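*Asks:* One letter stands for each residue in the lines below.
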Amino acid sequence: MGTRGWLFDIGKCTGCHACEVACATWNATGAVSWRQIVKIETGVYPNVGTRNLSMPCLHCDHAPCLQACPVAAITKRDDGVVLVDQAKCVGCMFCFWACPFGVPQFGAEGKMSKCTFCADRPAELPRACEEVCPTKAILSGEMHELEALAARSGGERVGGPAGPAMFVIR
Amino acid sequence: MKETAGTTEALERLRDAEMTPGICYVCPWTCPTEVYTRKGEIVYVRGNTRASTKGSRCVKGEASHVLAKDDNRLKHPMRRVGPSRFERITWDEALTQIARKLTGIKATYGPEAVAYLWHVDPNSVFAQLFLTECYGTPNYYGHTSACEQDRRLAALTVLGHVFPVHDYENAKFIMLLGINMLGANQNLFESRGLLAAVAKGARLVVVDPAFTATAEKASEWIPIAPGTDGALLFAMAHVIVQDKLYDEAFCRQWTHGFDEFCRHVVARGYTPEWAAGITDVPADKIRRLAREFATTRPAMLETFKGLGNYANGLDASRVVYILDALTGQVDGPGNLILKDWAPLQPPLTIPEARKTKPGKPPLHVAMGYPLAPDLPTQLLPKAILEGTPYPVKALFFQCTNPVMSEPNTALYRKAVQALELSVAIDTYFSETAAECEFVLPEASFYERAEIRQSLAMPPEAIICVPALAAYHEARPVYDIVRGLAEKMGYGDLFRWNSWEEWGRRIIKDLPTDLDTLKKTGFWSGELTYHKYTRTGFATPTGKIELMSEAFAKHGYNALPEYRDRQVIPDEAYPFQLINSKFEMHCNLTTQNNPILLRIRGENWAELNTSDAARLGIRDGDRIEVASPQAAVTIKAKVRAGIRPGVVCVRHGHGFGHWQGIAKGRGTHINPILGTNVNPISGGIGYNECKVRIRKVSG
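As they're listed, the protein sequences go chains A and B.
Here the first sequence is numbered in our numbering, starting from 4 and rising by one per residue.
Here the second sequence is numbered in our numbering, starting from 218 and rising by one per residue.
These aren't lab readings, by the way, just hints derived from the structure by calculation.
Predicted model only: the values in this text are computed from it and were never measured.
Treat the hints with care, as some may be off.
Here are a few chain A residues that face chain B, going by a calculated C-beta distance under 7 Å [stated by the list, open to error]:
id : residue
1  : T6
2  : R7
3  : C19
4  : V24
5  : N30
6  : T32
7  : G33
8  : E44
9  : Y48
10 : V51
11 : L128
12 : P137
With a straight-line Cα cutoff of 35 Å, these simulated DSBU-like cross-link-like pairs (lysine-lysine) come out [to be verified]:
id : chain 1 : residue 1 : chain 2 : residue 2
13 : A       : K42       : B       : K286
14 : B       : K770      : B       : K735
15 : A       : K42       : B       : K271
16 : A       : K42       : B       : K854
17 : A       : K42       : B       : K502
18 : A       : K42       : B       : K219
19 : B       : K292      : B       : K736
20 : B       : K852      : A       : K42
21 : B       : K631      : B       : K599
22 : A       : K91       : B       : K318
23 : B       : K748      : A       : K79
24 : A       : K114      : B       : K502
25 : A       : K114      : B       : K880
26 : A       : K42       : B       : K735
27 : B       : K572      : B       : K770
28 : B       : K748      : B       : K318
29 : B       : K798      : B       : K292
30 : A       : K42       : B       : K318
31 : B       : K219      : A       : K114
32 : A       : K42       : B       : K389
33 : A       : K42       : B       : K798
Glycine included, every Cβ here is placed at the ideal spot set by N, Cα and C.
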């Protein structure tokens with residue numbers, strides 16, 4: 004099995020937050036959100052445009068959070084999924100400073116939590132965010148499959164030395 | 218796309234849960250769902266993966282499981298004992314007292330003095346059968362005049378269909394006016410289809426003064442002058458007629474009034490140059506849009522609530538469908554779909570001998586709106602306070618909150634207070650409930666049964682199986698009505714051991730059985746196109762009516778005409794107020810939802826960057842929005858994506874009476890709105906309001 008990641012179609016995302024709520028419900032994330040939704044309006048009237056972004060953990064190839072964690076609470080599975088062991092986490096937030104995308108979240112108990120790629124869902128099932136998305140802007144899968152799908156629509160892998168496991172169609 | 222169908226058992230195993238098919242009733246689109254429960258608690262909800270939703274959920278629907286445990290819901294029946302003071306009573310006391318009052322009102326004023334209103338209508342067919350057939354009032358109504366009243370009457374008049382849906386996915390040219398399909402109005406299979414069409418290269422043109430979530434995805438955004446869409450549409454018709462771009466064979470065979478309509482638009486001078494001066498859309502652009510629309514197949518032109526928010530919206534909406542007809546773009550792939558309904562039957566039958574025939578016409582007819590598809594609710598206070606056209610003495614409010622959601626909220630409050638009997642049936646304590654004599658707790662859609670039509674393209678029936686036990690003393694409407702019927706001598710007609718008994722009667726003509734339906738959640742028939750070739754259109758002439766026989770019969774102009782909206786900004790009130798909903802909220806059910814409030818804590822008024830700079834207003838400032846009638850303060854949102862001269866108030870907050878976490882958040886704009894209704898449909902012109910704005914604090 005190859006490593007897994009995301010294909011995100013910006014053109015289809017409406018910024019509706021349904022993915023965020025499905026994630027919070029399936030994963031019982033409590034007071035924190037494992038998906039951050041951003042809507043940015045650009046331009047000058049009447050030439051305006053919008054970018055919507057729904058950001059989960061990108062489960063980077065060379066995860067900076069994992070490298071920054073002083074207590075080895077963060078690990079990477081063979082399928083590429085990056086997980087945190089809350090029993091080991093000391094809440095130092097080094098992962099938060101290291102992550103280029105601001106993914107790690109800290110709830111009332113001070114421990115880091117983040118998207119687990121719905122760790123308990125078998126690979127053949129969609130992720131919670133993916134299955135509720137009204138416009139099917141989110142797709143999970145093996146990176147080599149996603150690469151082929153992305154290429155068909157002119158999509159590209161998110162850049163950077165960390166190697167984020169996400170393709171984006173603009 | 219990963220297949221979600223067939224993954225139900227896997228999710229059940231993962232969460233040690235049981236899936237119950239449901240219907241989400243957060244909004245009127247009624248999406249079929251899968252509700253996963255464990256030990257009497259909801260652990261997950263997703264869209265029905267086999268039905269047209271394919272697992273999808275909107276944000277407010279997905280967050281709605283909070284309802285099941287919300288301590289702020291109504292828990293037991295209450296009776297008002299003074300201003301803002303209620304006492305707990307038993308169901309038996311409530312039903313006995315309501316029944317006694319209903320009997321008295323019928324004896325004194327006649328049964329027509331009682332009316333029933335709903336916003337969403339779960340199980341209200343039981344109330345309809347009891348009140349309209351047993352008790353004898355014709356006054357059973359929904360909320361359409363506050364919503365798509367003009368669109369509904371236009372669709373009925375022109376196409377003979379109450380609620381066309383959309384085959385976006387197969388369309389190559391889509392033009393949407395005043396409809397935010399990807400925002401608050403999410404019929405989920407349509408959202409998916411619309412973006413799939415755009416991804417395949419379809420042209421999407423969005424006409425709206427605000428840069429909506431749908432405009433974001435459009436090939437072209439046309440920020441038209443508010444309330445002038447009719448002029449744009451007439452000018453498109455003019456181009457199509459002058460250049461003979463219509464489908465003449467289709468029009469000759471399937472439309473009524475083709476020659477008359479063509480002569481009419483030319484004679485009235487509805488040219489692109491005329492429209493340009495009204496709409497602020499250049500004439501050459503109107504010509505191009507008309508030609509693109511008429512020469513691209515398949516194409517679709519559609520509207521919803523936006524046009525009907527002005528008192529001139531009815532004829533504008535008619536021209537939307539007339540344009541679809543002129544080009545022959547009706548009920549085919551990529552067109553508006555005149556959907557077939559599933560063959561569902563009523564849950565019970567009232568024998569003729571037990572029926573009471575009303576002695577007066579329904580209120581909308583007596584009010585002088587015979588074609589209105591739903592009650593012109595802005596005229597209800599007059600019936601209550603002045604007895605015109607005839608007295609209304611009792612009202613039931615099921616999941617509807619007109620004291621908040623109607624314009625002229627102060628007048629509405631006064632009217633509800635003047636009733637001899639007022640009953641709120643709801644999950645939460647609304648502003649309307651606060652003025653009612655009786656407040657009855659309704660079971661939520663997680664705790665009740667229902668079988669109804671879906672709004673998918675093919676004929677489709679969907680079922681809601683109760684996933685949870687009753688919440689405190691809350692009851693479904695079918696049990697409330699049964700209790701009332703027993704008190705009033707009709708108990709034998711409203712008797713069943715379990716909901717499955719009437720459930721079987723509803724589906725007796727479906728080629729399936731209740732046990733199957735309870736597992737799958739839906740039954741879907743075949744999607745067929747061009748159904749009119751077999752059945753004609755359900756209009757007086759059996760054809761698409763470009764010229765309306767029903768309008769002529771009632772003394773209205775048979776051909777649509779362009780009129781200005783009623784309220785035009787002036788020097789003292791220079792801004793046009795327009796309204797728009799957040800996708801996070803609908804009605805009362807979502808107001809107290811902590812998940813939704815975390816995403817959007819309060820609402821705001823949007824104004825253009827240039828207007829804000831001129832008035833010294835910065836994003837996030839509090840501003841006063843004042844109409845000639847009243848003023849409110851609200852947070853300002855400064856953005857490029859709104860037409861200058863327009864203030865757009867987003868809805869979903871500002872509910873103030875009740876003691877939930879929603880209290881004190883945001884502002885409701887309706888207190889500053891006056892009464893402006895369409896003279897034929899009775900639809901409410903929420904955007905018929907001019908305002909001035911000023912900064913209150915930073």
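*Asks:* Now tell me if each hint is right for this structure.
*Replies:* We went through each hint and held it up to the structure:
no.: 1; hint: T6; in the structure: 17 Å, violated
no.: 2; hint: R7; in the structure: 12 Å, violated
no.: 3; hint: C19; in the structure: 5 Å, holds
no.: 4; hint: V24; in the structure: 4 Å, holds
no.: 5; hint: N30; in the structure: 10 Å, violated
no.: 6; hint: T32; in the structure: 11 Å, violated
no.: 7; hint: G33; in the structure: 11 Å, violated
no.: 8; hint: E44; in the structure: 5 Å, holds
no.: 9; hint: Y48; in the structure: 5 Å, holds
no.: 10; hint: V51; in the structure: 4 Å, holds
no.: 11; hint: L128; in the structure: 5 Å, holds
no.: 12; hint: P137; in the structure: 5 Å, holds
no.: 13; hint: A/K42 - B/K286; in the structure: 31 Å, holds
no.: 14; hint: B/K770 - B/K735; in the structure: 47 Å, violated
no.: 15; hint: A/K42 - B/K271; in the structure: 26 Å, holds
no.: 16; hint: A/K42 - B/K854; in the structure: 14 Å, holds
no.: 17; hint: A/K42 - B/K502; in the structure: 30 Å, holds
no.: 18; hint: A/K42 - B/K219; in the structure: 26 Å, holds
no.: 19; hint: B/K292 - B/K736; in the structure: 30 Å, holds
no.: 20; hint: B/K852 - A/K42; in the structure: 18 Å, holds
no.: 21; hint: B/K631 - B/K599; in the structure: 11 Å, holds
no.: 22; hint: A/K91 - B/K318; in the structure: 67 Å, violated
no.: 23; hint: B/K748 - A/K79; in the structure: 57 Å, violated
no.: 24; hint: A/K114 - B/K502; in the structure: 57 Å, violated
no.: 25; hint: A/K114 - B/K880; in the structure: 32 Å, holds
no.: 26; hint: A/K42 - B/K735; in the structure: 40 Å, violated
no.: 27; hint: B/K572 - B/K770; in the structure: 31 Å, holds
no.: 28; hint: B/K748 - B/K318; in the structure: 48 Å, violated
no.: 29; hint: B/K798 - B/K292; in the structure: 29 Å, holds
no.: 30; hint: A/K42 - B/K318; in the structure: 53 Å, violated
no.: 31; hint: B/K219 - A/K114; in the structure: 33 Å, holds
no.: 32; hint: A/K42 - B/K389; in the structure: 27 Å, holds
no.: 33; hint: A/K42 - B/K798; in the structure: 17 Å, holds
Checked against the numbered hints above, the structure violates hints 1, 2, 5, 6, 7, 14, 22, 23, 24, 26, 28, 30; every other hint is satisfied.
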